[in-house]
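*Asks:* The lines below spell out each chain.
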Amino acid sequence: MESAWIALALSLKVAGWATALNLVLGVAAGFALARLRFPGRELLDAVLTLPMVLPPTVLGYYLLVVIGKRGWLGAWLWDTFGVNLIFTWQGAVIAATIVAFPLVMKSARAAFEGVDPQLERAGRVLGLNEWALFFRVTLPMAWRGVLAGVLLAFARALGEFGATLMVAGSIPGKTQTLSVAVYEAVQAGQDDTANLLVLIVSLTCIVVLLAAGRLAGPRSTA
Amino acid sequence: MSFEVRIRKQVEGGGRRFELDVAFSTDARRTVIYGPSGAGKSLTLQAIAGLLKPDEGTIYVDGHPVFDSGSRIDVPARERRLGYLFQDYALFPQLTVRQNIAFALKRGWLNPSRHEGGEAVDRWIQAFELERVAQQRPHQLSGGQRQRTALARALVNEPRALLLDEPFSALDPELRSRMRTELDTLLERIGMPMLMITHDPEDLARFGDHRVMLRDGRVRDAEPERS
Numbered sequence: 001m002e003s004a005w006i007a008l009a010l011s012l013k014v015a016g017w018a019t020a021l022n023l024v025l026g027v028a029a030g031f032a033l034a035r036l037r038f039p040g041r042e043l044l045d046a047v048l049t050l051p052m053v054l055p056p057t058v059l060g061y062y063l064l065v066v067i068g069k070r071g072w073l074g075a076w077l078w079d080t081f082g083v084n085l086i087f088t089w090q091g092a093v094i095a096a097t098i099v100a101f102p103l104v105m106k107s108a109r110a111a112f113e114g115v116d117p118q119l120e121r122a123g124r125v126l127g128l129n130e131w132a133l134f135f136r137v138t139l140p141m142a143w144r145g146v147l148a149g150v151l152l153a154f155a156r157a158l159g160e161f162g163a164t165l166m167v168a169g170s171i172p173g174k175t176q177t178l179s180v181a182v183y184e185a186v187q188a189g190q191d192d193t194a195n196l197l198v199l200i201v202s203l204t205c206i207v208v209l210l211a212a213g214r215l216a217g218p219r220s221t222a
Numbered sequence: 001m002s003f004e005v006r007i008r009k010q011v012e013g014g015g016r017r018f019e020l021d022v023a024f025s026t027d028a029r030r031t032v033i034y035g036p037s038g039a040g041k042s043l044t045l046q047a048i049a050g051l052l053k054p055d056e057g058t059i060y061v062d063g064h065p066v067f068d069s070g071s072r073i074d075v076p077a078r079e080r081r082l083g084y085l086f087q088d089y090a091l092f093p094q095l096t097v098r099q100n101i102a103f104a105l106k107r108g109w110l111n112p113s114r115h116e117g118g119e120a121v122d123r124w125i126q127a128f129e130l131e132r133v134a135q136q137r138p139h140q141l142s143g144g145q146r147q148r149t150a151l152a153r154a155l156v157n158e159p160r161a162l163l164l165d166e167p168f169s170a171l172d173p174e175l176r177s178r179m180r181t182e183l184d185t186l187l188e189r190i191g192m193p194m195l196m197i198t199h200d201p202e203d204l205a206r207f208g209d210h211r212v213m214l215r216d217g218r219v220r221d222a223e224p225e226r227s
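One line per chain: the protein sequences are D and Y, in this order. Note that the numbering used here has the first sequence beginning at 1, numbered continuously upward. Note that the numbering used here has the second sequence beginning at 1, numbered continuously upward.
In isolation and in its complexed conformation, chain Y is listed as follows (with noise of 0.2 angstroms):
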């Protein structure tokens, strides 16, 4: 299974409550969670990525438990090996391109050098054509620049999977049609599991082998894999 997760939560905040309760199980390489906002798909990624710790259930990624209330395992974050991109991106605004990509290679408590990352570094830099702006900041990059950038950030460690936060939202229609290609031809060559949250119909009828449809906090229609 790419993805097994059974999970409750409770939400308060802001006088409001939600309560999460997700069940589904994929064996696609490509999953789409869809649903309007406020219906828990970003609680369920969070909950997959160790951000968010739910009351109780069970999460497998990719045959691997990374949660289970029952026997107490709680794999941090940054013990999960999991490919996260961000909304909007969360690429380190006072680090270069490169940094932000070696950002995962380097251990201890500074931050990579200008010119450090080997071999993997250099190979993503190269793959995304982000050669021209390595040594620029994150505000300085155009939109498609800077997904790039995230993604070969999140990559450049060999993750076990690939989560994406609605990945395309941030972009203007012209180059989130691009972008949208690209990704499709790089998860082609990784081949490695994807799991996509988004509200946008057109993610999910281009990714969406699996679709996982969310409203108010529940599973309302797990399809079955696309043939």
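Chain D extracted, bound-state conformation (with noise of 0.2 angstroms):
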């Protein structure tokens, strides 16, 4: 029993770090999209959301091949650092951060778009400069939809199976996230372990759904 909480306390680490990084990646991502003008913008939107749609088993597998210990990174990394990310609760990181990324990103995108460009016209005229705007102006209209986005990241990477288990294996205490636990649960037959685990799994994210759906909903004119 007492590796389910190591299970989930792990899992809560790999998520809240996933989560961190896309809210500076993926929101980052998400105002680029919105505000450059360029040549293959949807190419690009396209591409930065196939993590959303593909098996996680494929992207798992890019993974390997790009941070493996023989991969053009992962090689670069083990000879320059000593710095191995595989079968590491920070390879379990970046899977899990990959995979919700277009989460964060679309939501932001779509968040930034839809903030009235006169208001960030009167921020200018008022003295403002570009970071200042994006912090006074920008973020607080768009703040909802960019969290909504943000909350369902940590849901997805709460939940994140595939990758993480081609990426980070599944070593108790190490890398074995509750997702991963409750396969092993189910396939040694610990079905108290795997009740528990389930139902600790599915009442995390009813919560946070909740929240994002609140968030991402009409808004009440207080």
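Take the hints with a grain of salt, since some may be wrong.
Some chain Y residues near chain D, calculated using beta-carbon distances under 10 angstroms [to be verified]:
| no. | residue |
| --- | --- |
| 1 | F18 |
| 2 | E79 |
| 3 | L95 |
| 4 | F103 |
| 5 | G108 |
| 6 | L110 |
| 7 | S113 |
Just so you know, the hints here were simulated from the structure itself, not pulled from any lab data. Glycine residues also receive a C-beta, built at the ideal position from the N, C-alpha and C atoms.
Once you've looked at the hints, go ahead and assemble the two chains, each given alone in its own frame, into the complex.
*Replies:* Structural data, given as structure tokens:
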């Protein structure tokens, strides 16, 4: 039973890091896609959305090719810094980050595109530079949509299984996340553990979805 | 000269091409650019404010160059020190009246807090009789209060000049004539150069000390100043 809580703690750590990373990467990508005009913009959007629709095993395979010990980035990391990401919780973070990334990027892009450009013009003539404009005008107008995407990304990262298993494996206490632990428990016939794990995951995801729904829903004019 | 504008700009969008080629200069304190919608009034005003970059030309405001393609001067909008009243006022909906007015006085990445803003904010709130609604949000205000808030926000920073984009079009007719009188009085008091764009002949009659007629992106008739 104790292993269930260890798996939960690890899952929260991995999903937390993945969400934090996406808060920067996903929001930045969403903002760039909403504001910058360049050829191939929609193609880039499609490519960045791929992790949402590709089978997680395919993603896992891509990741092994890139960050595996003989992958082009992995080999460099190993040779230069002695860093290995395969079968580590950091590897699980990378897998979860990539899988959840499109959820943040898509909602952030839609939220930023919904900001009235007139308000940003007003911010500029009132003396704001572009950074201040983002934090004082654009983000406050878009934060609901952004946060809804971030919550979905957290839930997705928490439930990540396929890519994680391929990249990080299933080492109890080290890389065995909650969703992987469910699989292992069922395989081993430990129904009690499986029941508890399934309940925890389901409840957490319901809470997150309710919160995301509230944020993305119609605005209350308080 | 209050305003000296000589700009060209090609705009494309929605499969249609528009060429703005505007030149006028005015020494009057109150200038009105008048013309039908689609004449290029808004583009001209945005160019003066630094929100639209002309392809070439020069813009002087109150004697200061803010744009000169020849000598590569292009002062960013934030440094032009111009008060801009937007057509729909563009008040920040999540901020209170007081926070909106204090907006330009606050530097950095955070918006002013609910009670922030010094003597200048208090003075404008009083001048526009906004004390009762100072802690309310824009959507709770009447049309007139919204316009006053937007004017206070534009003026609190002591700009060099005031730019007004169809200032009364969002108001119902009765309120429109009242706000016209109010603005008239205010302009007399602050004595700041003002440039208004409008398609309403009454605005032209009331504020057009100097009149610039715009049609299809060109000045048709820059009337001499009214005596």
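*Asks:* Verify the interface restraint on G108/Y: the C-beta must sit less than 10 angstroms from at least one C-beta of chain D.
*Replies:* holds, 7 angstroms
*Asks:* Let me know if the C-beta of E79/Y comes in closer than 10 angstroms to any C-beta of chain D, holds or violated.
*Replies:* holds, 8 angstroms
*Asks:* Let's test the interface hint: is any C-beta of chain D closer than 10 angstroms to that of S113/Y?
*Replies:* violated, 13 angstroms
*Asks:* Let's test the interface hint: is any C-beta of chain D closer than 10 angstroms to that of F18/Y?
*Replies:* Check failed: Cβ of F18/Y comes no nearer than 18 angstroms to chain D, outside 10 angstroms.
*Asks:* Once the shortest beta carbon distance from L95/Y to chain D is found, is it less than 10 angstroms?
*Replies:* Status holds, d = 8 angstroms.
*Asks:* Would you settle whether the hint for L110/Y is holds or violated, based on the nearest Cβ-Cβ distance to chain D being less than 10 angstroms?
*Replies:* holds, 7 angstroms
*Asks:* Using 10 angstroms as the Cβ threshold, decide whether F103/Y counts as touching chain D.
*Replies:* Holds - the Cβ of F103/Y comes within 10 angstroms of chain D, reaching about 5 angstroms at its closest.
Violated hints, in rising order: 1, 7; the structure is consistent with all others.
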